[in-house]
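Student: Using the sequences provided together with the hints, build the complete structure.
Below, each chain spelled out in residue letters.
Number of protein chains: 4
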Amino acid sequence: MEVGFLGLGIMGKAISMNLLRNGFKVTVWNRTLSKCDELVAHGATVGGSPAEVIKKCTITIGMLADPAAALSAITSKGGHFLEAPVSGSKQPAETGQLVILSAGEKALYDEAISALNVIGKKAFFLGEVGNGAKMKLVVNMIMGCMMNTFSEGLVLAEKSGLDPRTLLDVLDLGGIANPMFKGKGPTMLQSNYAPAFPLKHQQKDMRLALALGDENAVSMPIAAAANEAFKKARSLGLGDNDFSAVFEVVKDLKRSS
Amino acid sequence: MEVGFLGLGIMGKAISMNLLRNGFKVTVWNRTLSKCDELVAHGATVGGSPAEVIKKCTITIGMLADPAAALSAITSKGGHFLEAPVSGSKQPAETGQLVILSAGEKALYDEAISALNVIGKKAFFLGEVGNGAKMKLVVNMIMGCMMNTFSEGLVLAEKSGLDPRTLLDVLDLGGIANPMFKGKGPTMLQSNYAPAFPLKHQQKDMRLALALGDENAVSMPIAAAANEAFKKARSLGLGDNDFSAVFEVVKDLKRSS
Amino acid sequence: MEVGFLGLGIMGKAISMNLLRNGFKVTVWNRTLSKCDELVAHGATVGGSPAEVIKKCTITIGMLADPAAALSAITSKGGHFLEAPVSGSKQPAETGQLVILSAGEKALYDEAISALNVIGKKAFFLGEVGNGAKMKLVVNMIMGCMMNTFSEGLVLAEKSGLDPRTLLDVLDLGGIANPMFKGKGPTMLQSNYAPAFPLKHQQKDMRLALALGDENAVSMPIAAAANEAFKKARSLGLGDNDFSAVFEVVKDLKRSS
Amino acid sequence: MEVGFLGLGIMGKAISMNLLRNGFKVTVWNRTLSKCDELVAHGATVGGSPAEVIKKCTITIGMLADPAAALSAITSKGGHFLEAPVSGSKQPAETGQLVILSAGEKALYDEAISALNVIGKKAFFLGEVGNGAKMKLVVNMIMGCMMNTFSEGLVLAEKSGLDPRTLLDVLDLGGIANPMFKGKGPTMLQSNYAPAFPLKHQQKDMRLALALGDENAVSMPIAAAANEAFKKARSLGLGDNDFSAVFEVVKDLKRSS
Chain A
1 MEVGFLGLGI MGKAISMNLL RNGFKVTVWN RTLSKCDELV AHGATVGGSP AEVIKKCTIT
61 IGMLADPAAA LSAITSKGGH FLEAPVSGSK QPAETGQLVI LSAGEKALYD EAISALNVIG
121 KKAFFLGEVG NGAKMKLVVN MIMGCMMNTF SEGLVLAEKS GLDPRTLLDV LDLGGIANPM
181 FKGKGPTMLQ SNYAPAFPLK HQQKDMRLAL ALGDENAVSM PIAAAANEAF KKARSLGLGD
241 NDFSAVFEVV KDLKRSS
Chain B
1 MEVGFLGLGI MGKAISMNLL RNGFKVTVWN RTLSKCDELV AHGATVGGSP AEVIKKCTIT
61 IGMLADPAAA LSAITSKGGH FLEAPVSGSK QPAETGQLVI LSAGEKALYD EAISALNVIG
121 KKAFFLGEVG NGAKMKLVVN MIMGCMMNTF SEGLVLAEKS GLDPRTLLDV LDLGGIANPM
181 FKGKGPTMLQ SNYAPAFPLK HQQKDMRLAL ALGDENAVSM PIAAAANEAF KKARSLGLGD
241 NDFSAVFEVV KDLKRSS
Chain C
1 MEVGFLGLGI MGKAISMNLL RNGFKVTVWN RTLSKCDELV AHGATVGGSP AEVIKKCTIT
61 IGMLADPAAA LSAITSKGGH FLEAPVSGSK QPAETGQLVI LSAGEKALYD EAISALNVIG
121 KKAFFLGEVG NGAKMKLVVN MIMGCMMNTF SEGLVLAEKS GLDPRTLLDV LDLGGIANPM
181 FKGKGPTMLQ SNYAPAFPLK HQQKDMRLAL ALGDENAVSM PIAAAANEAF KKARSLGLGD
241 NDFSAVFEVV KDLKRSS
Chain D
1 MEVGFLGLGI MGKAISMNLL RNGFKVTVWN RTLSKCDELV AHGATVGGSP AEVIKKCTIT
61 IGMLADPAAA LSAITSKGGH FLEAPVSGSK QPAETGQLVI LSAGEKALYD EAISALNVIG
121 KKAFFLGEVG NGAKMKLVVN MIMGCMMNTF SEGLVLAEKS GLDPRTLLDV LDLGGIANPM
181 FKGKGPTMLQ SNYAPAFPLK HQQKDMRLAL ALGDENAVSM PIAAAANEAF KKARSLGLGD
241 NDFSAVFEVV KDLKRSS
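Protein chains in written order, with my numbering: chain A, 1 to 257; chain B, 1 to 257; chain C, 1 to 257; chain D, 1 to 257.
Hints were generated in silico from the structure; no laboratory data involved.
By construction, the Cβ of each residue, glycine as well, lies at the ideal position given by its N, Cα and C atoms.
A hint or two may mislead.
Covered, in the sense of this in silico footprint (three residues per stretch, anywhere, with C-beta under 8 angstroms from a C-beta of chain B), are these stretches of chain D [unchecked claim]:
#1 209–220
#2 232–238
Under the rule of at most 25 angstroms between Cα atoms (straight-line distance), these lysine-lysine pairs were calculated in the BS3-like manner [said to hold, decoys possible]:
#3 B/K182 with A/K121
#4 B/K55 with B/K35
#5 D/K136 with C/K159
#6 A/K25 with A/K90
#7 D/K251 with A/K251
#8 C/K251 with D/K136
#9 C/K106 with D/K159
#10 C/K122 with C/K90
#11 D/K136 with C/K182
#12 D/K90 with D/K136
#13 B/K182 with A/K182
#14 C/K159 with D/K204
#15 A/K55 with A/K25
#16 A/K106 with B/K159
#17 A/K204 with D/K159
#18 B/K159 with C/K204
#19 A/K204 with C/K204
#20 A/K159 with D/K200
#21 D/K204 with A/K159
#22 C/K159 with D/K106
#23 D/K159 with A/K200
#24 B/K204 with C/K159
#25 A/K204 with B/K159
#26 A/K251 with D/K204
#27 A/K204 with D/K251
#28 B/K121 with A/K182
#29 C/K251 with B/K251
#30 D/K182 with C/K121
#31 D/K204 with B/K204
#32 C/K182 with D/K182
#33 C/K35 with C/K55
#34 B/K204 with A/K159
#35 A/K251 with A/K204
#36 C/K204 with B/K251
#37 A/K122 with B/K182
Calculated Cβ distances over 10 angstroms to all of chain D for the following chain C residues [stated by the list, open to error]:
#38 M1
#39 R21
#40 R31
Tutor: Below you can see the structure in the form of structure tokens.
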């Protein structure tokens, strides 16, 4: 199958490289042409425009910060659309371990499934367009709340005379052990917030999840409290840091009185 | 080594059986004597009183709902004391997979380590007495908050037109996958709250964790919000259900207006 | 001065009657013409369209649920615009006791001041258009939070064995005494939520105040918690009741366990 | 009637002076004797000990930071006890404008009523001992929440481009106008937190109100969120400031991102 790929950012490059490695013919397009070079060296063809790529390929994947232009190209072609936000970052993208939250036209999903199975360890089909984005909001909302409670726990441990590194060890052996605590805990204790997922994006997803809840009259006091902590972090200038920097809001203790 | 064991509830029985299976000589005591029968059938000896057990054995483990009597027996003997709350329930107790949060006298910890290593997959020594209980409060506080956000996510998914079972599948493939979500999610969706950890105990631990935070001037808005949800669940008569019944508080939706 | 008046709902009728009583010449327009009768009986003239009223009068006041049509009439005339949300309901409107939060063109404010002084006990000029609406959001946000804490206090009193009516008396004698507690308390204790300000509008204002806070990175945990309680009330079908019906969310206690 | 008075702090001195002015015979006692001088100059007698005062007088009022000693004197006499926390500070004490929340023995209340009516503008009898303290906790809980939402409103106004002093004016004209907003608002805007009611005492009352709610399974998310803000203020070293210093926690904004 001939697969088109629009947008060669960190994620787009990793995914299209992975498709090439797995034997797909890939035609790429990127606003900045030089980003196509490495892909070409591995066998990709370069398309002259999104419309040209879309016309040529069976399916075209867009991984674009601003998808408006590409979407207009798709619809002007009278094409079919599958929404497919992914869960996972650079490394899972390179190794085909993403989780794909697709929604839209089932026939297109079925047509694309061989490519989706290479891109991700699991591709979900979630029904009508919008459901992919909604699912991602729900997951990120839970993730943001967990990061907040994790931060509160680390601070409570330390202020209570416990070693927070030991808390990490204890957590990792129990029923709430999870990769995020294991991965982020040690860097948080070093106040290292190199952005994997920027705090301002996490806060935006919390806000949107709360708006989704508002629309459906779902009361979410934990999410609401977590959102305010992320807003506080933004107000402290931490928006471009990793979302784990909300830890700074929780630990902001000077002296007890 | 001769190990004494006071208290043969669900956990006590499982742990002492595990010790017997691993070659320890075990002398047990329980207020209701008949509970000792199965242990005796597997080689345990029965002691006449806590004091007798303590006098006879190198180390004596107490697993008691009301430890006051046993503690007075220990201290009247002039003995040494190691606090050791465990993380984990019946099955990990049977298979020696508990996590042991011990604190108190290091020499006693060192003496007991061969037994602790049979009882748990990992025994921590956390310093002065009280630190074991504190660590457990921190862990349970995080767990209770996670259960709340998990509940909010499940309700948000369902009210937004997503299948909450699919949310479980998506969560289980990502960075916040954890045994609790995987284990409790399906039963929660069936409104099955058979108590593994009763909600009233979870709420008590949240309250105590918040009190610990108050003492140390640690602001924990997520824990505070979660505590109020658990209190709401108590007020609805759900205190004896599993703590996952807080889900009922979140999903208590009739109709939108 | 000749004053135009568009929209004769509860508020519009009360205000224009008040203007007539104070000697203003008033030309009214309303979609349903019959609503003009009482005003005409008291000396008002009826205009054929918003545009006609606007053309004829020095200033024209719009009190419209859907102001889009009237605004287009105003702007097509090349007119000047003053935003002027009011604080207060029917009775203050009849007696000229509203609080007017105007913003927009200062020259128009100065021109309209004699009418504004009849309509309200105080007219504020708040600067650029939008500031009137913002000020109203801030006030309503505080009001909604106060209603929540008032509800929590009433429930806490009752569940603790105190007479909540005595709490009302105590509150009314102290430093936080305010007309809302005094006015709403007795009806809330009777579960009487005849809508003066519908809960769904209060919740919308809380949501918008939080969105304003989000835009400006203002963390507002109290407002966020109050908003979730109002959402819970909406989910219970209380949206069309008075906003004091959030009391039902707080007192929703069955039995303790 | 002969009234005894134990404890001549700010409140005790003001109240006993007020009693003297109103024609009561007053016998005072204070640990530091010199504090009695001004009272004696106005006609008071000095007692040698709490027990002596209690023995001599019809009723004895204690206004003591540590009431244990005086209470033991009372009970050793076999006397009757009326709990009577007051609402109000120095100035209302001087002018007999306190609100008195009495509870305990009704006969003693009836006996003391002529003195209570001089001390306060209103004396409540709330039933069994403990109810006075509970009522005070409920009132202070509401007050603490109102201070938080007031702070959030002031910050939201300012960050949204509104003049917070204008917000004070608008609030003072509407349905939520109250003496606390009017009194504290201007000083808060000057970051003046001279302690009328210290923040650490407010936070203690919030904690106790939440504990009272916990005991009775009353869920109070607003109070819980407010308590965490007061704790944050304590952690920032603001405990000895006026409780309005929680404003500092809300406005702690550096830059938006």
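Student: Evaluate each hint against the coordinates.
Tutor: Consistency of the hints with the structure:
1. 209–220: Since three or more residues must qualify, the claim that chain B covers the region 209–220 of chain D holds, with 6 doing so at under 8 angstroms.
2. 232–238: That given contact holds, which follows from 3 residues of the region 232–238 of chain D lying within Cβ reach (below 8 angstroms) of chain B.
3. B/K182 with A/K121: Distance of about 18 angstroms is within 25 angstroms: holds.
4. B/K55 with B/K35: holds, 22 angstroms
5. D/K136 with C/K159: holds, 15 angstroms
6. A/K25 with A/K90: holds, 22 angstroms
7. D/K251 with A/K251: holds, 17 angstroms
8. C/K251 with D/K136: holds, 20 angstroms
9. C/K106 with D/K159: Roughly 22 angstroms between the alpha carbons, so the hint for C/K106 and D/K159 holds.
10. C/K122 with C/K90: Distance of about 16 angstroms is within 25 angstroms: holds.
11. D/K136 with C/K182: holds, 18 angstroms
12. D/K90 with D/K136: Distance ~17 angstroms between D/K90 and D/K136 Cα, so the pair holds.
13. B/K182 with A/K182: Holds. B/K182 to A/K182 sits at ~18 angstroms (cutoff 25 angstroms).
14. C/K159 with D/K204: holds, 20 angstroms
15. A/K55 with A/K25: Cα-Cα ~15 angstroms, so holds.
16. A/K106 with B/K159: holds, 22 angstroms
17. A/K204 with D/K159: holds, 19 angstroms
18. B/K159 with C/K204: holds, 19 angstroms
19. A/K204 with C/K204: Roughly 19 angstroms between the alpha carbons, so the hint for A/K204 and C/K204 holds.
20. A/K159 with D/K200: Given that 25 angstroms is the threshold and the Cα spacing comes to 19 angstroms, the pair holds.
21. D/K204 with A/K159: holds, 19 angstroms
22. C/K159 with D/K106: holds, 22 angstroms
23. D/K159 with A/K200: The hint holds at about 19 angstroms.
24. B/K204 with C/K159: holds, 19 angstroms
25. A/K204 with B/K159: Since the Cα atoms of A/K204 and B/K159 sit roughly 20 angstroms apart, the hinted pair holds (cutoff 25 angstroms).
26. A/K251 with D/K204: holds, 21 angstroms
27. A/K204 with D/K251: holds, 21 angstroms
28. B/K121 with A/K182: Holds, at roughly 18 angstroms.
29. C/K251 with B/K251: Within the cut-off at roughly 17 angstroms; holds.
30. D/K182 with C/K121: holds, 18 angstroms
31. D/K204 with B/K204: Holds - the C-alpha atoms of B/K204 and D/K204 are around 19 angstroms apart, at most 25 angstroms.
32. C/K182 with D/K182: holds, 18 angstroms
33. C/K35 with C/K55: OK: C/K35 and C/K55 at ~22 angstroms, within 25 angstroms.
34. B/K204 with A/K159: holds, 20 angstroms
35. A/K251 with A/K204: Holds - the C-alpha atoms of A/K204 and A/K251 are around 22 angstroms apart, at most 25 angstroms.
36. C/K204 with B/K251: holds, 21 angstroms
37. A/K122 with B/K182: holds, 17 angstroms
38. M1: holds, 25 angstroms
39. R21: holds, 22 angstroms
40. R31: Holds: least Cβ distance 30 angstroms, greater than 10 angstroms.
In this structure, every one of the numbered hints holds.
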